[in-house]
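Protein chains in written order, with the numbering used here: chain A, 1 to 606; chain B, 1 to 606.
Treat the hints loosely; a few may be bogus.
Identical copies go unnamed one by one, so any copy, or any two together, can satisfy a pair.
[Stated by the list, open to error] With a straight-line cut-off of 16 Å between C-alpha atoms, the simulated EDC-like cross-links for lysine to aspartate or glutamate are:
{"id": "1", "residue 1": "Lys-131", "residue 2": "Asp-333"}
{"id": "2", "residue 1": "Lys-276", "residue 2": "Asp-89"}
{"id": "3", "residue 1": "Lys-216", "residue 2": "Glu-154"}
{"id": "4", "residue 1": "Lys-339", "residue 2": "Asp-64"}
{"id": "5", "residue 1": "Lys-479", "residue 2": "Glu-551"}
{"id": "6", "residue 1": "Lys-339", "residue 2": "Glu-490"}
{"id": "7", "residue 1": "Lys-131", "residue 2": "Glu-590"}
{"id": "8", "residue 1": "Lys-131", "residue 2": "Asp-434"}
{"id": "9", "residue 1": "Lys-233", "residue 2": "Asp-491"}
{"id": "10", "residue 1": "Lys-233", "residue 2": "Glu-267"}
{"id": "11", "residue 1": "Lys-143", "residue 2": "Glu-390"}
{"id": "12", "residue 1": "Lys-543", "residue 2": "Asp-447"}
{"id": "13", "residue 1": "Lys-143", "residue 2": "Asp-222"}
{"id": "14", "residue 1": "Lys-143", "residue 2": "Glu-236"}
{"id": "15", "residue 1": "Lys-203", "residue 2": "Asp-521"}
{"id": "16", "residue 1": "Lys-216", "residue 2": "Asp-152"}
{"id": "17", "residue 1": "Lys-276", "residue 2": "Glu-102"}
{"id": "18", "residue 1": "Lys-401", "residue 2": "Asp-448"}
{"id": "19", "residue 1": "Lys-294", "residue 2": "Asp-471"}
Please keep in mind that the hints were generated in silico from the structure rather than gathered at the bench.
Spelled out from the first residue to the last, the chains are:
Protein chains: 2
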Amino acid sequence: MTQTLDAPATSSSTQDRVDAWLAAFESALTARDVERAAGMFAATSFWRDLVAFTWNLKTVENPDGVAHLLRATLEQTDPTGFRTTEPPDEADGVTTAWIEFETAVGRGRGLLRLDADDKAWTLLTTLYELKGHEEPKGTARPKGAEHGANRDRETWAEQREREAAELGYKTQPYVLVVGGGQGGIALGARLRQLGVPTIIVDKRGRPGDQWRSRYKSLCLHDPVWYDHLPYIKFPENWPVFAPKDKIADWLESYTKVMELNYWSNTEAKSASYDEKTGEWTVEVEREGQPLVLKPKQLVLATGMSGKPNIPTIDGMDTFRGDQHHSSAHPGPDAYAGKKAVVIGSNNSSFDICGALWEKGADVTMVQRTSTHIVRSDTLMDIGLGALYSEEAVASGVTTEKADLIFASLPYRIMHEFQIPLYDQMRERDQDFYDRLEKAGFLHDWGDDGSGLFMKYLRRGSGYYIDVGAADLVANGDVKLAHGQVTRLTEDAVVLEDGTELPADLVVYATGYGSMNGWAADLISPEVADTVGKVWGLGSDTTKDPGPWEGEQRNMWKPTQQEALWFHGGNLHQSRHYSLYLALQLKARAEGLDTPLYGLQEVHHTS
Amino acid sequence: MTQTLDAPATSSSTQDRVDAWLAAFESALTARDVERAAGMFAATSFWRDLVAFTWNLKTVENPDGVAHLLRATLEQTDPTGFRTTEPPDEADGVTTAWIEFETAVGRGRGLLRLDADDKAWTLLTTLYELKGHEEPKGTARPKGAEHGANRDRETWAEQREREAAELGYKTQPYVLVVGGGQGGIALGARLRQLGVPTIIVDKRGRPGDQWRSRYKSLCLHDPVWYDHLPYIKFPENWPVFAPKDKIADWLESYTKVMELNYWSNTEAKSASYDEKTGEWTVEVEREGQPLVLKPKQLVLATGMSGKPNIPTIDGMDTFRGDQHHSSAHPGPDAYAGKKAVVIGSNNSSFDICGALWEKGADVTMVQRTSTHIVRSDTLMDIGLGALYSEEAVASGVTTEKADLIFASLPYRIMHEFQIPLYDQMRERDQDFYDRLEKAGFLHDWGDDGSGLFMKYLRRGSGYYIDVGAADLVANGDVKLAHGQVTRLTEDAVVLEDGTELPADLVVYATGYGSMNGWAADLISPEVADTVGKVWGLGSDTTKDPGPWEGEQRNMWKPTQQEALWFHGGNLHQSRHYSLYLALQLKARAEGLDTPLYGLQEVHHTS
């Protein structure tokens, strides 16, 4: 056990207070005294549970919410052994403690924050392993060599070869993951470690092609400390913002060394669920050959962005130049000296405009609604630095700890913590925003000034992390036009005010739909509607209609369609939430009872 | 800075004593008072320097040796800033301190052991980086993304492609590494990080084939904690003893993600050095196409085992069955039900005998001289556990620390530390050894009872790490014969006592020559003789003739042939010593002065 020498001073009374709270909480839980336990939470308080109590991702609020959760889950969960794992610390009247505990079936860890009155303000509880199904790692790692003489010996290579030949043909996967980007790969690695037979299918040629196929100057917009995959961290020489082909090569190598059953060149064509047998029938085409798979669980990991939104515009069929959605943009190489009109003003648009300008195209960006822009360096310094940076790692905040700290901040109040950060950013980069405004760019900070990360969680769109292209707009190198597009002519884009923008190329950087669009295509529109909108918090802000959900809709947890799951997000989410999704799947594979608390209702179908 | 809570108690006086020694040592060095500095070492003492003072790997003994080293190196080295990096600890009258220091050109770390009289008993000094040439990692890692708009942007993928197209054709590598096993790969990774243009050539089809091509049941004989490569550690789920194909896949992925310029299917045909231009001319054949490379430095990393020893035996040409050296053995598959005679009784022989028996061959091992056997589990528990194990890692002994502790034990007295370990092993496995002896197996513990690791360092042969095949010999499943082979008939092996062993297959598990055999083939017999024997300590034990060398002959350090280097060994040595070899090469690439202390003399040519 290690402890940082220069950690904040911890008085033994802080430890005593936390110990007392944990003992009293456990005593109330053991006595099944729900009211007493709920009474230990502050009037305004939040308990977030990731699978440990609820077999769900769930946040409840205030003593009433805590009581509601406990009444439904306490008997089955039978939690015990609450203890701190390192000395708690205290700052600004809040005491923060890392804790561990056990349930009837598993082991958990979490983070507790007590207010000055020794009431719980926030509690995070997470499951990290199932008893009897611990991952073979560390002291429990496999031996590898099978010592002794054995005439029936099957070597590692032979086992792998047999598994690859049989899985999907002679034997069926328990889980089928559709989509082999970082989400599918991270989940596949977790399931592999848990011994759950899994196939990942992806229509592209090899792992990483999701990145390779994108425009050539693309680099990750999130820094390395935020991006680690499970089990194998990026090495210390890894770039802060990895170039797309480099991350692609990493994902490909990772898939190989983690021994995933990853089927490239495989498209999932249709899927249907038989409630009676509890089995999916999924038609796939692997290397051109049709095959039917019969998994028990189906995970869509086809990208949190959902299907491309391609607008229907009068005259699209008469336009003579190239036109495509941003997701299908081949890069700028063919457009040197050409006139390009890029419709939209978020991340994809800026990235594509920048690359086209670099190649010598004449570029116009069409801004239809306002966009939020943050400079990459500023975002890293102010937005992520405390949790995900070289300094954070040096001060003991490992990626794993950072993930839990992050997870412990309730979505309900997260914007309150974000607003001051974006105020700082506005101040630091005031000149930059002044220049953008002067150029006529419509800029916003989100409905409530909470900035980029909340936009990401609420709607997954509406922003640009500036890596340089904003200056091109500010200084006029990339021209700016405003308004809706009413029609296309043979050689121009026409806006609602009559402006004609001559064009050899039109790029629709018009965003993506909800992920349940994938379910509509693969399964049926009915199932997509049954599941409802995917992503968003119900914050009642632009593109994230209420009511309040408390968690991201349908992500990494049971949906209204039995045995259908959604997984995805950025590298951070792919890493962190893949653990909880994998544990939910493992529990089902082992036939454990998984009584669900608080299955979400569907309020929106897209 | 972290500190283990349950570390051995450290009294402040221990810290004071070490601080006082370091201050006095630095004061003597700063005053260039060699006698005073040397007087701070015990009458029997050892200073091992890895590149920091000597630009060599060098151990000197006793105050005389220390004075000799300092007289030659002190002025140029100008060492300063000696300090501890964590509280020293004291046990059994020896105080052990982790230290850091600087030299005129670099930064170093090491380990100091003081005796009860506050004299230095052992001192390890190592260079870990050159000032102004620090590796881009951690806080200095590359940014990756190049923010801003730039019409001359070259992406990471384009840079890699251009480098791959130009290096060896338009531009010349500074270093050519011949041999792409773990040694060549680890060195290549270090040189890449240091920005030294390097090509690794290997005749096989892809990285890892050095392992893939070996017999199918092979697993590493050393445990995972001992085997890490630089920069990317094996993940926590990695097997203790990795199967050969798994380690091969890892090496292949590692080569890719570390961006090495690794030329597969490339054979080095000849090499010659021009003293005037300081340049090698190396003829290679890459994918069948001849090409001349002009590196400044040539590293042979073709395997510490050197070239196969294939005996010349009467009748070899008349034998009708299969015969080959162990290194060319294709595995047992073709030999079910056949009679196999394996000549030799060390690692290769046991592994091959075991695999042939498993496949159902009728196997006879011919033992010519005695062999040392240790059971794998026992070796791991008693031999390596303190430094390389899950427990060691948990108690703060990282692989990097373990490597330095290991390096700090002087070769001169290492056997004294080894003997009691092997006494323990003998006791633990007494039954096992009794059974072997009863079966007629000739067993030894090394000339001085110091066991396996000393045999490895002294001669690189003469032992077997038992993973199961020893029992086959003990119980007679694999038959045992003794004596020299005098001739082969059409279908049998004949021993000196006249015994005829019927054979469909003869495997010559007859070991390997010195690594300078590779130099003889590639460069010339004259250069091989100039360089002399490679490997071994000069311990004056079997196959390691004296005089005492103090370090491994010719490994990882300058040889009598300018610009020719040898690199290799097990995964531990490939990892650890590649750093010092890489720093020596980097210093030369940058034109730094590298005055060499104590270039070894040549006492044996093979």
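Going through the hints against the structure:
no.: 1; hint: Lys-131 - Asp-333; result: neither (55 Å within a copy, 42 Å between copies)
no.: 2; hint: Lys-276 - Asp-89; result: neither (52 Å within a copy, 67 Å between copies)
no.: 3; hint: Lys-216 - Glu-154; result: between (44 Å within a copy, 10 Å between copies)
no.: 4; hint: Lys-339 - Asp-64; result: neither (60 Å within a copy, 80 Å between copies)
no.: 5; hint: Lys-479 - Glu-551; result: neither (39 Å within a copy, 69 Å between copies)
no.: 6; hint: Lys-339 - Glu-490; result: within (13 Å within a copy, 82 Å between copies)
no.: 7; hint: Lys-131 - Glu-590; result: within (11 Å within a copy, 56 Å between copies)
no.: 8; hint: Lys-131 - Asp-434; result: neither (57 Å within a copy, 43 Å between copies)
no.: 9; hint: Lys-233 - Asp-491; result: neither (49 Å within a copy, 56 Å between copies)
no.: 10; hint: Lys-233 - Glu-267; result: neither (30 Å within a copy, 35 Å between copies)
no.: 11; hint: Lys-143 - Glu-390; result: between (34 Å within a copy, 13 Å between copies)
no.: 12; hint: Lys-543 - Asp-447; result: within (11 Å within a copy, 80 Å between copies)
no.: 13; hint: Lys-143 - Asp-222; result: between (37 Å within a copy, 11 Å between copies)
no.: 14; hint: Lys-143 - Glu-236; result: between (28 Å within a copy, 12 Å between copies)
no.: 15; hint: Lys-203 - Asp-521; result: within (15 Å within a copy, 50 Å between copies)
no.: 16; hint: Lys-216 - Asp-152; result: between (50 Å within a copy, 13 Å between copies)
no.: 17; hint: Lys-276 - Glu-102; result: neither (34 Å within a copy, 73 Å between copies)
no.: 18; hint: Lys-401 - Asp-448; result: neither (29 Å within a copy, 51 Å between copies)
no.: 19; hint: Lys-294 - Asp-471; result: neither (52 Å within a copy, 46 Å between copies)
The earlier numbered hints that this structure contradicts are 1, 2, 4, 5, 8, 9, 10, 17, 18, 19.
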